[in-house]
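S.K.: So you can see what is in the structure, the chains are spelled out below.
Number of protein chains: 2
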Amino acid sequence: MERRKFIQAAGGAAAAAVATSATAEALPTLTWRMASSFPKSLDTLFGGAEFFAQRVSELTQGKFTIRAFPAGEIVPAFQVLDAVQNGTIEMGHTPLYIYFGKDPTFTFDTCGPFGMSSRQQTAWYTAGGGREIFMEFLKSYGITTLPCGNTGCQMGGWFRKEIKSLEDMAGLKMRVGGFGGRILQKLGVVPQQIPAGDIYPSLEKGTIDAAEFVGPYDDEKLGFDRVAPYYYTPGWWETGSHLSLIIGNKQWNDLPPLYRAALTAASYEAHVMVQAKYDVRNPQALARLIKRGVKLRPFPMDVMKASLKAAKEVMAEEASKNANFKKIYDHYTNFQDQQNKWYSVAEQRMQNFQIAALNAREKKE
Amino acid sequence: MERRKFIQAAGGAAAAAVATSATAEALPTLTWRMASSFPKSLDTLFGGAEFFAQRVSELTQGKFTIRAFPAGEIVPAFQVLDAVQNGTIEMGHTPLYIYFGKDPTFTFDTCGPFGMSSRQQTAWYTAGGGREIFMEFLKSYGITTLPCGNTGCQMGGWFRKEIKSLEDMAGLKMRVGGFGGRILQKLGVVPQQIPAGDIYPSLEKGTIDAAEFVGPYDDEKLGFDRVAPYYYTPGWWETGSHLSLIIGNKQWNDLPPLYRAALTAASYEAHVMVQAKYDVRNPQALARLIKRGVKLRPFPMDVMKASLKAAKEVMAEEASKNANFKKIYDHYTNFQDQQNKWYSVAEQRMQNFQIAALNAREKKE
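One line per chain: the protein sequences are E and S, in this order. Per this note's numbering, residue 325 is the first one in the first sequence, and the count goes up by one each step. Per this note's numbering, residue 325 is the first one in the second sequence, and the count goes up by one each step.
Think of the hints as simulated: they come from the structure by calculation, not from any bench. Values in this document were obtained by computation on a predicted structure and should not be read as measured data. Heads up, a few of these hints could be off.
Note: identical chains are not told apart, hence a pair may lie in one copy or across any two.
[To be verified] Simulated crosslink set (DSS-like; lysine-lysine; CA at most 25 Å straight-line):
1. 485 x 615
2. 633 x 645
3. 387 x 497
Take the sequences, apply the hints, and build the full model.
M.R.: Here it is as structure tokens:
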């Protein structure tokens, strides 16, 4: 009896030892902080980070905990990259183009002006060499990226007065940043940098004439339609804005392979989820806005054409003085041209037919 | 000394016991077989299943092994659903519309005729209630689904002679199945069911006049351009064909939560990867085909309009006699209409402008 017990105990211990070496050692308990560049009120974006963190926890039996903090709680929205670089936080969720001031090359991780659509950006990043070429650029910043959402094509923003032609853009004070602002400047627009919370009062008082934000679902919550009734489309400076998770290279490299796999798979799932939620929420919000009397307007064709021309000039100026920028811009635009050639054959032709058929049906009804 | 050793040993054993209960017990060793409806030669699709299986292994420290088998190795392409239902295999990778004969309602998991785009289908499935409504229908089949790839909008196929108007469709023997075939029948086409390997000789001998397959990348490998030079677009019967992983409900429910999370996250990552790879490969293949002299043609507008009209009739006929079909068709088309209204505002308008600009630039060059 004693001997039998001993053998059982020894067998149990041996089994435990095997199990330990195979699993427990490889599953350290980790707690990471992730700073978001978004407030909680941008719930599709911030929700994407929370969804990601929850999935990572489930994939690691709760041993790898990531807590998402809204913009401002640990660091301000625009300091997420710095905080990851200096190790204040292990990771962040941010659109990298907001670090435009450090190097405009960051733009291509998010979206170029007159850039790719959401699906094209994902194809470039995932299977088109985009991630590889961008990771080379990021080497000196010491960070690794994973995809975590896209807004899809954004809107052109809210205008207090109707824009009937290119002349109406001259002198317009408009809340718009990054390349969008630099390009619009060539059209005579005076770009303004204003935090989200100050847009409404600025439009109300007339301190600014126009403001771009995101799309119907996010814009609706800020109530812009009450102070600027003209809602313009499309937001050519954000044709499919891609969000990234950024992780310090040391933190990334120190992770066991299982945790790197968990971060990667969870990020792709969250990436799909964010775009899907925007796709579900935007049409509903737009329908509500239109019901409330918002005046939906496409930018006049001369505004679109002048903007495209100005965009090409600004991008060429930047490429002439920044080798990293030129290298990634060329790769990005080459990929985009190939995509658009193919889209014009099947994808875009099909959807144009469907939209025309829908319009014809609604006219009859 | 002896006492210290004992304490160390006891501590180690206790730690191992804790680790064991937390992890090793929850990680059973499992080996599953996954039958694909695709041959290895459709490497974007079959590669998606392999990518998924590899990621699941990494997420479970190699304890959950899924082996993907090409069509025909365990069961024929069209018997994957039956094999999962009767437990011959634990899971499959398949487009559910091929089970059209059991119930045409299966179509909506893949793609309706004149249906949604890849991104719209993903939005419907993921966040638009599509998965929930479809899972209700699937209850009686005892399976659970996860997304695993989309081809994007397919091509309209290879034709031996040019189609100049609707009249040229009458009497055409065309390889096309499912709803596409039933709808084209209303235009006078004689649909044919022919396995992939037999399409080329049938076109060569003239036994058939036309054949649809997938898109440039997959079609190129079968060499259709040598026997049917006209390549038509778009494939309105496959506007964004979604692929599913199917798993027996018993197998799914018996899995520990970690494994269900691993299957889910890995499936979304593979879902993105398959579409991204098609997006990278299709434009390259199309450019090669055009260089070889393929005559790219859009279906004449009267063919498109007659096809849409016939599609509405066939879908209405089906809805009148199948309550499941009607319920999901209504949900699907309502979602699609909302999407297209929103796309016409920003997404589609933006991309149309870009494509027009690209065409204008190329004309100049």
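S.K.: Hint by hint, say whether it matches the structure.
M.R.: How the hints compare with the structure:
1. 485 x 615: within (19 Å within a copy, 50 Å between copies)
2. 633 x 645: Answer is within; shortest intra-copy Cα gap is 19 Å, inter-copy 56 Å.
3. 387 x 497: Answer is neither: 50 Å inside a copy and 60 Å across each miss the 25 Å cutoff.
The structure shown violates just one earlier hint, number 3.
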